[in-house]
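Chemist: Chain by chain, the residues run as shown.
Number of protein chains: 2
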Amino acid sequence: MGDLRAGTTTTAPRPRSLEERLDRLAMVALRVGVGFEHDDRLRLVGPLEAADLMRRITVQAYELGAAYVDVRYVDPHLSLARARYAREETLDGFPTEQADLAFTVAERGDASITVSGKDPDALASADPARVGRMNRAANRALRATSDLAMASHMPWTIVPFAVPAWARKVFPDASAAEAQARLWDAIFAATRVDADDPVVAWGAHATQLDALAERLSREGFEALHVRGPGTDLRVGLARGHVWEGASSVSGVDGRRFVANIPTEEVFTAPHAEHVEGTVRASRPLSYGGQVVDGFSFTFEGGTVVDYAAERGASVLRALLETDTGARRLGEMALVPHSSPIGAAGRLFYDTLFDENAASHLALGRGYPTTLRDGAARSSDERSHAGLNDSLVHVDFMIGSAEMDVVGLLADGDAVDVMRRGEWVLGGL
Amino acid sequence: MGDLRAGTTTTAPRPRSLEERLDRLAMVALRVGVGFEHDDRLRLVGPLEAADLMRRITVQAYELGAAYVDVRYVDPHLSLARARYAREETLDGFPTEQADLAFTVAERGDASITVSGKDPDALASADPARVGRMNRAANRALRATSDLAMASHMPWTIVPFAVPAWARKVFPDASAAEAQARLWDAIFAATRVDADDPVVAWGAHATQLDALAERLSREGFEALHVRGPGTDLRVGLARGHVWEGASSVSGVDGRRFVANIPTEEVFTAPHAEHVEGTVRASRPLSYGGQVVDGFSFTFEGGTVVDYAAERGASVLRALLETDTGARRLGEMALVPHSSPIGAAGRLFYDTLFDENAASHLALGRGYPTTLRDGAARSSDERSHAGLNDSLVHVDFMIGSAEMDVVGLLADGDAVDVMRRGEWVLGGL
Numbered sequence: 023m024g025d026l027r028a029g030t031t032t033t034a035p036r037p038r039s040l041e042e043r044l045d046r047l048a049m050v051a052l053r054v055g056v057g058f059e060h061d062d063r064l065r066l067v068g069p070l071e072a073a074d075l076m077r078r079i080t081v082q083a084y085e086l087g088a089a090y091v092d093v094r095y096v097d098p099h100l101s102l103a104r105a106r107y108a109r110e111e112t113l114d115g116f117p118t119e120q121a122d123l124a125f126t127v128a129e130r131g132d133a134s135i136t137v138s139g140k141d142p143d144a145l146a147s148a149d150p151a152r153v154g155r156m157n158r159a160a161n162r163a164l165r166a167t168s169d170l171a172m173a174s175h176m177p178w179t180i181v182p183f184a185v186p187a188w189a190r191k192v193f194p195d196a197s198a199a200e201a202q203a204r205l206w207d208a209i210f211a212a213t214r215v216d217a218d219d220p221v222v223a224w225g226a227h228a229t230q231l232d233a234l235a236e237r238l239s240r241e242g243f244e245a246l247h248v249r250g251p252g253t254d255l256r257v258g259l260a261r262g263h264v265w266e267g268a269s270s271v272s273g274v275d276g277r278r279f280v281a282n283i284p285t286e287e288v289f290t291a292p293h294a295e296h297v298e299g300t301v302r303a304s305r306p307l308s309y310g311g312q313v314v315d316g317f318s319f320t321f322e323g324g325t326v327v328d329y330a331a332e333r334g335a336s337v338l339r340a341l342l343e344t345d346t347g348a349r350r351l352g353e354m355a356l357v358p359h360s361s362p363i364g365a366a367g368r369l370f371y372d373t374l375f376d377e378n379a380a381s382h383l384a385l386g387r388g389y390p391t392t393l394r395d396g397a398a399r400s401s402d403e404r405s406h407a408g409l410n411d412s413l414v415h416v417d418f419m420i421g422s423a424e425m426d427v428v429g430l431l432a433d434g435d436a437v438d439v440m441r442r443g444e445w446v447l448g449g450l
Numbered sequence: 023m024g025d026l027r028a029g030t031t032t033t034a035p036r037p038r039s040l041e042e043r044l045d046r047l048a049m050v051a052l053r054v055g056v057g058f059e060h061d062d063r064l065r066l067v068g069p070l071e072a073a074d075l076m077r078r079i080t081v082q083a084y085e086l087g088a089a090y091v092d093v094r095y096v097d098p099h100l101s102l103a104r105a106r107y108a109r110e111e112t113l114d115g116f117p118t119e120q121a122d123l124a125f126t127v128a129e130r131g132d133a134s135i136t137v138s139g140k141d142p143d144a145l146a147s148a149d150p151a152r153v154g155r156m157n158r159a160a161n162r163a164l165r166a167t168s169d170l171a172m173a174s175h176m177p178w179t180i181v182p183f184a185v186p187a188w189a190r191k192v193f194p195d196a197s198a199a200e201a202q203a204r205l206w207d208a209i210f211a212a213t214r215v216d217a218d219d220p221v222v223a224w225g226a227h228a229t230q231l232d233a234l235a236e237r238l239s240r241e242g243f244e245a246l247h248v249r250g251p252g253t254d255l256r257v258g259l260a261r262g263h264v265w266e267g268a269s270s271v272s273g274v275d276g277r278r279f280v281a282n283i284p285t286e287e288v289f290t291a292p293h294a295e296h297v298e299g300t301v302r303a304s305r306p307l308s309y310g311g312q313v314v315d316g317f318s319f320t321f322e323g324g325t326v327v328d329y330a331a332e333r334g335a336s337v338l339r340a341l342l343e344t345d346t347g348a349r350r351l352g353e354m355a356l357v358p359h360s361s362p363i364g365a366a367g368r369l370f371y372d373t374l375f376d377e378n379a380a381s382h383l384a385l386g387r388g389y390p391t392t393l394r395d396g397a398a399r400s401s402d403e404r405s406h407a408g409l410n411d412s413l414v415h416v417d418f419m420i421g422s423a424e425m426d427v428v429g430l431l432a433d434g435d436a437v438d439v440m441r442r443g444e445w446v447l448g449g450l
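So the sequences go chain by chain: A and B.
Going by my numbering, the first residue of the first sequence is number 23, and it counts up by one from there.
Going by my numbering, the first residue of the second sequence is number 23, and it counts up by one from there.
Honestly, the hints are just simulated from the structure, not real lab data.
Hints are supplied without guarantee of correctness; some may be wrong.
Unchecked claim - For each label pair, taking beta carbons as the anchor points, the in silico distance ranges come out as:
#: 1; chain 1: A; residue 1: 229; chain 2: B; residue 2: 111; range: 47 to 55 Å
#: 2; chain 1: B; residue 1: 194; chain 2: A; residue 2: 186; range: 28 to 36 Å
#: 3; chain 1: B; residue 1: 151; chain 2: A; residue 2: 236; range: 48 to 56 Å
Claimed, not checked - Quick partial rundown of chain A residues pointing at chain B, CB under 10 Å, derived from the structure:
#: 4; residue: 73
#: 5; residue: 88
#: 6; residue: 92
#: 7; residue: 117
From the three backbone atoms N, C-alpha and C, an ideal C-beta is built for every residue, glycine too.
Bound-form chain A, shown alone (with noise of 0.2 Å):
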């Protein structure tokens, strides 16, 4: 019959506008993200490029009812300033009031966003031994910050910007504004911009996976045992792990928020001492700037004792060079290959995109929230369970549609938990 107003038609729903999308993308950050409330105080940081996001977030915030929003601009180009001509014997220094203040920032319990989005050789030209140092100094003064944000003391989270500089990297046959358009239809996708309700769809989306992790603790598996192309991996648990899925718990207040925007993980506390075999990344990593690309690692009792790399290997010794824990593993997160941003079978040169297309592992510094009551356990406990510590944490990818991944149970039987990338976990 079609409708009976004149002149008008029954049609698709008008397309949004990119400044539709980005208040949408800002109204994610706020309400799921950092569960925003009224009264909160935000802290904002993230690349001068993405000023026009942070902007929305910030008038968002102030409608919503902020007390504060305090921005900081980040800009890649300085780091490579320093990175590049500073004298060498200065790239341990961090300017300890800017540590102070994140930290006193985050312990008072603000609201803490992050907007990513960078050039993945935005560091390219600058000696990754000179990067490592200052990466290391940054790492050594904002720890106490940093484990805040592991501990989930405060709300956090990130989300994406389509910096073009990225956006290039990720579509390099189109144009700059092609390039960036497609990079910004993969977020909107990601992120849930584009559902209906994007607040109700990330609502059903983070039971899901809290439902999944909970299934998996339930589990108990004393290890994980993971194959696929170069990979022949066993990954003992640390004792008392538990799984998580999208939601945090803010220790402050006890509010949920979902840490990175997108996320379609699982993940838990691998034992720093129970890690054999042998492991090829399945995706390069960009750290820092700089790109890696066709790397693996062998373990022997938790610790890397050999490592290779096709592209930045010198990348990789800095990183491993950091401290005894940087050598070792601090998480396992599980994610099928056909997850929707797995699916869209692109390298994103980004860890927040690429850990949710793969599953993956951390070297570095695990999370307390991922043993029982690991918030309230002394760092004596933790370790003792076989949680990892470390200044860094650096997420790098595995997972493939070859990977199979097999759990193992104190009493010896073998459980099939994903096979050839898909999750085959009986009640799945």
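Using the hints, position chain B against chain A.
Modeler: Structure of chain B alone, referenced to chain A:
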């Protein structure tokens, strides 16, 4: 005869590219502005849109041996968001951790460069009373830090950047690109970037202004009588006042620095209680992103007892209501109408430019350095000498080709200082 080398002819020097001129402006900021030295730390603050210059300053600072460069990008859109959307009762807040950081850095004596350049109407759509409330809170929180700057504790300077919205305001009839190019030309001329050797040119210029300041200090005027269109004002000077030229001396290490790039002024301290008559501004004032125009003040006993404005009276009201000192004078500066910036015959809607195009006064706090040994005196002693105190310091322009200034001596003698906007003091 011409040049005998084959294929060459005598030509004018190749015009410098924008990039070269920006590099030179960065050099002037560092070497002239803050007298940058090996192992200095630098605090660099400026608008997002000035990133190009700020990155060049950062690179050159590291090349000069900087220990660290800490950059803070500011964004008037964020202030506008707060002014428009934040809850009324939150406007008196200011992030104390940011104020603490600014003070720590200043007290330590880090060199400080502020890049100035903004849309003069950036906050035009906001309620002036709300903006006034935000400004008061910021001025209160940053009071201790600005005390250090006004006493020349650390080396600091301000340099301009031709942001597009500012260029459009100054050259409203030009295209966006042409307006910016013309503003850059004005900036590079005024900042002596286009001189053969900008650092040498600045040395000569500063010597000249410093000698002029010394000459005026020796006169020991009791007051200045200023007359012009709408202006008949007697400005008593503080007891023991001295005039300052271009050069300041850092309290931390005695180095010389030039706090304004450009500067064309000599300035001293009015007596807070001895100002009588009426003064009409000769140029509009952009204060906190809002423009005031066609305004005048009437003083009795040093205090504004009446004021009027053709535009922006409510901005003026918010300023005058800051505190008692905001209604009194803290600076009297003389600039000949023929100064390079004044001679350009342009309104710049920017204090750094307009104050160096025209003689001016400032409402609010006086500079301790404009009293003999002022930095060493207690605030009671400064106040007793007549130095004004306030949370604010806001320059407004009074100079024109029709302004006369007479110096009044304690014995009743009168000495012509400026006539029709030009120096006539004997010996200049």
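Chemist: Which numbered hints turn out to be false for this structure?
Modeler: Number 1 - this is the single hint that the structure violates.
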